[in-house]
Amino acid sequence: MSADQTPIVEAHNISKYFGGVIALKDVSMELRRGEVMCLLGDNGAGKSTLIKILSGVYPPDEGEYLVEGKVVHFASPRDALEHGIATVYQDLAMIPLMSITRNFFLGSEPTQGRGLFNRFDIRRADAIVRQELLNMGIDIRDPAQPVGTLSGGERQSVAIARAVYFGAKVLILDEPTSALGVKQAGVVLRYIAQARMRGIAVILITHNPHHAYPIGDRFTILKRGRSLGTFTKAELSRNDMIQMMSGGEELEDLERELREFREQANPRPAEASPQEELSEFGEEWG
Amino acid sequence: MSIEVTAGPSSSDERLLRESLLRRLFRRPELGAVSGAVLVWVLFAILAGDRGFVSLRATANFLEVASELGILAIAVALLMIGGEFDLSIGSIIGGAGMTVAILSVEYQWNIWAAIGMALLFSLVVGAINGFLVVRTRLPSFIITLGSLFIIRGVTIGLTRLITGRTQVGGIKATAGYDSAASVFASAIKITDPASKRGLPAEFPVSILWWLVIAGVATYVLLRTRPGNWIFGIGGDANAARNVGVPVSRMKVILFMVTAMSAWLMGTVQVLSAGGADTLRGEQREFYAIIAVVIGGTLLTGGYGSVIGAVFGALTVGMVQQGIIYTGVDSDWFKVFLGAMLIVAVLVNNYIRKRAAEAK
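Chains A and B, in that order, are what the protein sequence lines are.
Note that the numbering used here has the first sequence beginning at 3, numbered continuously upward.
Note that the numbering used here has the second sequence beginning at 34, numbered continuously upward.
You may find that some hints are simply not true.
[As the list claims (entries may be wrong)] A partial selection of chain B residues facing chain A, derived with a Cβ cut-off under 8 Å: (1) 261; (2) 264; (3) 265; (4) 269; (5) 270; (6) 367; (7) 387.
[Unchecked claim] A few chain B residues that don't get close to chain A, going by computed Cβ distances all over 10 Å: (8) 71; (9) 226; (10) 227; (11) 232; (12) 246; (13) 276; (14) 357; (15) 380; (16) 385.
Derived by calculation from the structure, the hints in this document are not laboratory data.
Idealized CB from N, CA, C, for every residue including glycine.
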């Protein structure tokens, strides 16, 4: 896709154990600049564990983690941030009663003046915030308004814009659309597309195939701590993806079980006999 | 922003503009405090205008009360925006005042040295408060409730041990008193034409301290990085820590600032009264919190203003002095104060809701 063929983030055979529990086993993945990779999987599949390793919350027990071709060992999320890997969590870490600008620059405020007169340059900060959001297609009325007055999608966008502004090369977005309505989710997805156009690599964690499929370039699917593989869009139809995400045959089993319930409730001898059910079962596990 | 709006299709834009201006006003935390102060003044002007409330002397009177409370309230506002409480400031007022008095009177120190020592005492107490809060992660309410009693107890105990009494007088005869008094306890006298006996209105220098500190604190809060951090640590200490704000250090500094404001008030009181009492400053911590809350600061932190606290203190001062002018027994002041606190919180909550949820 881009001229630079070294993946910006690589994970080789990463494993993570919590006591006797295998949270991740031999998971590998890679990510290139200007690419959106969707990390998919059911609850407990290991998505959170993987992104926490990538964002420096804890180290992997086995395997290698490379950033721009070099092996890294992050001690904290700040380490990861210094390597340009920023994570925007679901709870956002935004303070609702503080203004957009104050939230945006908290901890990294631009200043002017020297010594005793070194002060927070609010005018410049406001201008930067307005411009950064405008670049991403969001026209905020007033950067001094409290974050609490923004819609969920706008809030997500501000959090992402903040990460991008402070030099994120890799954005890890944890379920950014899960709590949003259709329209608001659209705002965030459009924003992700903008970030990709700027050459930023994005790892998008989501439950929603309808959000993942249109935006994703590649899809890594986790299941019970293992990777089912990474697929390009060409290799994976939307239906295949939905099938794999929701746990394919488990869903079929569930469907069958529910059918049995219904048949027990109002038996109709003409339909599938117990024998047939059994043979079907046997075939599948055959 | 241009106000020239052409008539016709732009009428909806016009409404939007007006709405956003109104909301911008509602978003100011000090709105309630300013209008409350105006309301209280008008109320007393009506009730007690003919008994001398609307005069230079009465104004100097309530400004003196408001300034002493206001100095505390400004520091307490910063601390409360940062998400913490300090209940020990009343005791620090007593302790700092007594330190000044005992060192200068009993040990014949130059009063400036005694004042310096009292400052050191208050800074150490503030640092210990802050350190304990940060380290133990206990609510600051508990930590400083403890230090409230410890400091008061130590002040009374040591004073009685050293002097055999609980009051120390004779400050005005100590070395360096005149220069110290001009800084902490002088007053500008203005003849009050309304006074029939020709008594002048005395505006104490503490008013100047109050206004200067308010200016500095507002500047720090709204226009510096540490100011932004104060909002951040009060709003969400974890989020602030994650983006690199030195949360623990800021909290310790804020406790030192409230302790320092108590030192200043203790010093002002000792020098203007000419003596110290071990019970000085009692309940001042609550008055300060009331002033701050009337000023629109949120009890849970992350939101508030210094200007609001200034007007909150002004309101409390006006009520405390105004009630005397109305001829009502001043015992009723506390009833009024308590009721005002509750009403102020209700009004401020309503305003804040409008500000944060208006969409």
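Cross-check of the supplied hints:
no.	hint	result
1	261	holds (5 Å)
2	264	holds (5 Å)
3	265	holds (5 Å)
4	269	holds (5 Å)
5	270	violated (10 Å)
6	367	violated (31 Å)
7	387	violated (10 Å)
8	71	holds (25 Å)
9	226	holds (42 Å)
10	227	holds (43 Å)
11	232	holds (42 Å)
12	246	holds (16 Å)
13	276	violated (3 Å)
14	357	holds (38 Å)
15	380	holds (17 Å)
16	385	violated (8 Å)
The structure fails hints 5, 6, 7, 13, 16 (numbered hints given earlier, in ascending order).
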